[in-house]
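Enquirer: Protein chains in written order, with our numbering: chain L, 1 to 305; chain R, 1 to 393.
For the record, the hints were derived by calculation from the structure and aren't laboratory data. Check the hints yourself; a few may be wrong.
[Stated by the list, open to error] DSS-like cross-link-like pairs, simulated, lysine-lysine; straight-line CA separation at most 27 Å:
| no. | chain 1 | residue 1 | chain 2 | residue 2 |
| --- | --- | --- | --- | --- |
| 1 | R | Lys89 | L | Lys115 |
| 2 | R | Lys347 | R | Lys178 |
| 3 | L | Lys115 | R | Lys280 |
| 4 | L | Lys110 | R | Lys276 |
| 5 | R | Lys307 | R | Lys121 |
| 6 | R | Lys276 | L | Lys115 |
| 7 | R | Lys371 | R | Lys359 |
| 8 | R | Lys336 | R | Lys181 |
| 9 | R | Lys359 | R | Lys347 |
| 10 | L | Lys110 | R | Lys89 |
| 11 | R | Lys359 | R | Lys213 |
| 12 | R | Lys347 | R | Lys311 |
| 13 | R | Lys178 | R | Lys366 |
| 14 | R | Lys213 | R | Lys366 |
| 15 | R | Lys350 | R | Lys371 |
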Amino acid sequence: MNIAFIAGVLSNAVLSGTFILYATVGEVIGERAGIVNLGLEGVMLVGAVMGFVVTAQTGNPYLGVLAAALAGAAFNMIFAYLVVTRRGNQLASGLTLMFFAQGVTAIIGKAFVGKPITGLTDLRIPGLAELPVVGHALFQKDLLVYLVIPITVAAWFLLYRTSWGLRMRAVGEDKTVAFAAGLKPHRLQYQALFIAGLLGGIGGGHLSIAYTKTWQEGMTAGAGFIAVGLVIFAAWSPVRAILGAVVFGGAVALQLQLQARGANVSPFLLDMIPYLLVLVVLMLFGRVKGRVVPAGLKDVFEGTG
Amino acid sequence: MFLKVPAENSRRKGLAVLKQFSGKSFVLLCTALLPLLAFAACGASGTSTPPAAAADAHASFTMGIIHVGSKTDAGYNQAHAEAAELVQKNLPYVKVLEAENIPENADVSRVIENMISQGAKFIVPASFGYLDPAMQVAAMHPDIMFDHPAGFKQADNFHTYWAASDQHSYALGMAAGKMTKTNKLGFIGGFSIPNVIDSINAFTLGARSVNPKAEMHVIFDNTWSDPAKEAASTNALVDQGVDVVTMIVDSPITVVQTAEQRGIYSVGFHSTGVQKYAPKGWISGIGFTWGNFFAREIQSIEKGTWKSNPKNLLGDLNSDMVTLAPWGSAVPDDVKTLVEAKVADFKAGKAQVFTGPVKDNKGNMKIPAGKVGDASLVNTIDWYVEGVIGQGS
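With the hints as extra help, turn the sequences into a complete structure.
Expert: Set out below in structure tokens:
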């Protein structure tokens, strides 16, 4: 282990963790309002393709990020309509919308496969970017990397320090009681899913506009499902989601760095590290689950709030 | 339980209506979505209409080609799509049916059946994973000819084609060995299979023939297509000190772009049109050019000489199935001369890629001095040559 190795792992972990963290925080907000969205993968794909298309057409990656966020939110509104207004099964609706998104994004993005874009450029933070080890990893990244922690903390603040967050969590715990207390569960769930869609869309956008600067059909490659898993890992807390993203991103980075160094281990085994690590952590911290899971997760509210 | 609130009755009534409606509307929604989904799944099947079929008196001919990814991926699929274009250009009476983004499962059987029903006489299921479903369809249509890439099963109407690229890998490895300053080269492979290991070895042998200090760092992504992982792999190699990277994944775009962004050199694979993604760091690449081969296959079907063909058609540097991409602006003239001289030697049969002595990276002698590794290595090799860091599988 040398400095270059650690710096490499750190730098790659930050990149691999960022788009996952956006999506995870979005899913935390949705699940706090009582809705599991297995279509998160689809939301990310929609964000990725719309972000890329707008960036390619306008040449402005920041407009692309905006488009990714809004497209993700708009797509999540379809999900909201199905599961909130029409009271559809959340798991089935989410999965169906994911497949729907795979097809739709393939059509939208067809003309844009292989289009070169400038994408989000790295912003060097003067002074800090020259630091050893952490300089390149933390202070020479694109805007979305710098924003992900503030946004996560803002999500925590929204959930736990505002009355809107309190109301929304009440809906997630028990819709009927929340309704009796004069809240409007449906409206709050729509709002939560809108924010979740914004964040999922930004996550997908980061992947296509900043990280890889390409659009490819199905490019999220399961990241949306990992984000749903990390919500459990994070015990439905946005701040703990940071830990989850760091562990997962770090494990991906570690296994690639080990391969690049020529570690005398089969690449197949190394490829399992991220998933094994998440499994181990789930086993170790699984017990807290019962205490923190929103009681009304997946419940259907039959009222008209 | 539902809340006991005023106006409960009317609400319940409303709910009942809603429930009924939601059942119906779900069906409606599904019916509305189905064509969209089907459209998404079938991609572009039938969108590429040929320029005025039957331009001359020649009887028309229809071929079908199925792509696993997008036709503009600057990689594996684009190479095949450009081949189909060339067929259309050189044989204007041929109608080409194309479908892209078709998954490697029973879907491909349906696409092939559909193409046959449209009159296709020659089918190219252009992905390794189409092997079994395509063979099943081929067995039901003995009069339709199939060409499948790099597979290991053949039938009378189902042949295998591919082109060995290890001579090109060796030649471009020489360029990489000359141009590296850190003496560290990087390779990103989809899977650790003999075909890929063969390329890694050839590239490394080429590099070390001109730069004995060169070492090769290898990362396998365990997927042919995952841009995020490809970007992360490139970054991991650069962080390790690698300053020339090459790859065998479906689309080279992400690796080449990330390399350019990190300020290192790149060598492409699959299609020749990748340099626009790396104007500064592009060295060259290997491009597969199947167009003339497909045209010859069509002509042999028309003449009825198809069955006399060998069932496994493997091209090499002397064939027109694989070529070197144009040089990048960063490559000095003496490197170009050196590489082109080696290519000429390969073509003339004066040089071989695996010329003994070749040791593996654990120090065992694999090919003794005076011997030459035979052509079956590409399908069997499971060891790395000296200079490759890491283990194969």
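Enquirer: Next step is simple, just say for each hint if it's right about the structure.
Expert: A quick look at each hint next to the structure:
no., hint, in the structure
1, Lys89(R) x Lys115(L), "holds (25 Å)"
2, Lys347(R) x Lys178(R), "holds (22 Å)"
3, Lys115(L) x Lys280(R), "holds (18 Å)"
4, Lys110(L) x Lys276(R), "holds (19 Å)"
5, Lys307(R) x Lys121(R), "holds (14 Å)"
6, Lys276(R) x Lys115(L), "holds (10 Å)"
7, Lys371(R) x Lys359(R), "holds (12 Å)"
8, Lys336(R) x Lys181(R), "holds (17 Å)"
9, Lys359(R) x Lys347(R), "holds (25 Å)"
10, Lys110(L) x Lys89(R), "holds (23 Å)"
11, Lys359(R) x Lys213(R), "holds (15 Å)"
12, Lys347(R) x Lys311(R), "holds (24 Å)"
13, Lys178(R) x Lys366(R), "holds (26 Å)"
14, Lys213(R) x Lys366(R), "holds (20 Å)"
15, Lys350(R) x Lys371(R), "holds (14 Å)"
In this structure, none of the earlier numbered hints is contradicted; all agree with it.
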